[in-house]
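**Q** Here is how the chains run, residue by residue.
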Amino acid sequence: MQTDWIWGLFGGGLIGTAAAIFLLVNGRIMGASGIIGGLVDGTGRNTAQERIALLAGLFLVPAALAALMGGAETHLTPSILVIVAGGLLVGIGTRIANGCTSGHGVCGISRMSLRGIVATVFYIGAGAVTVVVFKHMLGVI
Amino acid sequence: MRNLCAFLVGGLFGAGLLLSGMTDTRKVQGWLDLFGDWDPTLAFVMGGAIIPMAIAWRLVPNRAPILGGTFPSPPDPKVGRKLVIGSVLFGMGWGLSGLCPGPAVASLGFGGMGGLIFMVAMLCGMLLAPVLRNRLDAVPAAG
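Those sequence lines, one after another, are chains A and B.
Going by our numbering, the first residue of the first sequence is number 178, and it counts up by one from there.
Going by our numbering, the first residue of the second sequence is number 102, and it counts up by one from there.
Incorrect hints may have been included.
To be verified - Beta-carbon label-pair distances, calculated as ranges:
hint: 1; chain 1: B; residue 1: GLY148; chain 2: A; residue 2: LEU258; range: 31 to 37 Å
hint: 2; chain 1: B; residue 1: TRP139; chain 2: A; residue 2: ASN223; range: 40 to 46 Å
hint: 3; chain 1: B; residue 1: GLY137; chain 2: A; residue 2: MET289; range: 29 to 35 Å
hint: 4; chain 1: A; residue 1: GLY219; chain 2: B; residue 2: ALA239; range: 20 to 26 Å
hint: 5; chain 1: B; residue 1: PRO162; chain 2: A; residue 2: GLY316; range: 48 to 54 Å
hint: 6; chain 1: B; residue 1: PRO173; chain 2: A; residue 2: ALA241; range: 28 to 34 Å
hint: 7; chain 1: A; residue 1: GLN226; chain 2: B; residue 2: ARG182; range: 29 to 35 Å
hint: 8; chain 1: A; residue 1: THR220; chain 2: B; residue 2: LYS179; range: 16 to 22 Å
hint: 9; chain 1: A; residue 1: ASP218; chain 2: B; residue 2: PRO241; range: 20 to 26 Å
hint: 10; chain 1: A; residue 1: GLY316; chain 2: B; residue 2: THR171; range: 46 to 52 Å
hint: 11; chain 1: A; residue 1: PRO255; chain 2: B; residue 2: GLY137; range: 18 to 24 Å
Said to hold, decoys possible - To list a few chain B residues with every Cβ distance to chain A over 10 Å, as calculated:
hint: 12; residue: ASN163
hint: 13; residue: ALA239
hint: 14; residue: VAL240
hint: 15; residue: PRO241
To be verified - Derived list of chain A stretches under chain B, where covered just means 3 residues or more per stretch with a C-beta under 8 Å from a C-beta of chain B:
hint: 16; stretch: 250 to 258
hint: 17; stretch: 275 to 287
hint: 18; stretch: 304 to 315
It is worth saying that the hints were derived from the structure and are not from the lab.
Positions of the beta carbon are idealized from the N, C-alpha and C atoms, including for glycine.
Sequences and hints are given; from them, build the entire structure.
**A** Okay, here's the thing in structure tokens:
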């Protein structure tokens, strides 16, 4: 749709504003994989409450908004195999790289972090190759 | 106070993900689909998010966070094997599913069973990661 980019810019602004508040008020980086991962492997035990509070907002607000909007569609593949493989790779990869789209992408690039830029180049590159192979060559997704 | 702020930040983050279309895997895979029907939305989302955050980073030097504590240390300039390998694995999973950790949480409320299965698989991956990380640390760097 032609208005998609406007919504993209607006929604992106909200994401960046959220990250800016978390940095300036709580002094922390809003990286989704780090916030979740620290709870999973125990490395974020001393900040567990803050992490859980953020994740609660991240889950509840879009759920409520989607309900108000009459539902939202994720268009997630019906293939359980693809979902499980994707989830495992996202979980392992973001924790080995120490960041995902929000941490390395939004928070890293905005401070001109070399690690953030390199990570973003590699995950977008790998994602694009994966879509070419699994969509256009194998027809799996 | 810290928890309330974190909750509001999470809510704003989630609202942004939903409204920008990033909880729709078709838009994410559309962005990655350079040789198909390419969808540029994600670039606008990234750009829109980076601008306020870049301003925030400029306010950091010589100050302290409003609720106390210290700001994160300056970025580590070291680009290692783990960063590259991890990012490639993450990118593959992102391409396959169209989900990354933020939208995976944000879409749990309306993503059905598939979204839930993705979340469980992602958490399992995060549990496995330290083992793989230690393996990578144990292998001496080439050259």
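**Q** All hints are to be evaluated individually against the structure, with a verdict given for each.
**A** Status of each hint after checking the structure:
1. GLY148(B) with LEU258(A): 31 to 37 Å: holds (34 Å)
2. TRP139(B) with ASN223(A): 40 to 46 Å: holds (44 Å)
3. GLY137(B) with MET289(A): 29 to 35 Å: Holds - the Cβ-Cβ distance for GLY137(B) and MET289(A), about 32 Å, lies within 29 to 35 Å.
4. GLY219(A) with ALA239(B): 20 to 26 Å: Holds: the Cβ-Cβ distance is about 21 Å, inside 20 to 26 Å.
5. PRO162(B) with GLY316(A): 48 to 54 Å: The hinted range 48 to 54 Å holds for PRO162(B) and GLY316(A), with Cβ atoms some 52 Å apart.
6. PRO173(B) with ALA241(A): 28 to 34 Å: holds (31 Å)
7. GLN226(A) with ARG182(B): 29 to 35 Å: Since GLN226(A) and ARG182(B) have Cβ atoms about 34 Å apart, the given range 29 to 35 Å holds.
8. THR220(A) with LYS179(B): 16 to 22 Å: holds (19 Å)
9. ASP218(A) with PRO241(B): 20 to 26 Å: holds (25 Å)
10. GLY316(A) with THR171(B): 46 to 52 Å: holds (51 Å)
11. PRO255(A) with GLY137(B): 18 to 24 Å: holds (19 Å)
12. ASN163: Consistent with the label, ASN163(B) stays out of reach of chain A, its closest Cβ about 13 Å off (over 10 Å).
13. ALA239: holds (14 Å)
14. VAL240: Nearest chain A Cβ is 13 Å from VAL240(B), so the label holds.
15. PRO241: About 18 Å separates PRO241(B) from the closest Cβ of chain A, which puts it past 10 Å; holds.
16. 250 to 258: holds (count 7)
17. 275 to 287: holds (count 11)
18. 304 to 315: Check passed, 9 qualifying residues.
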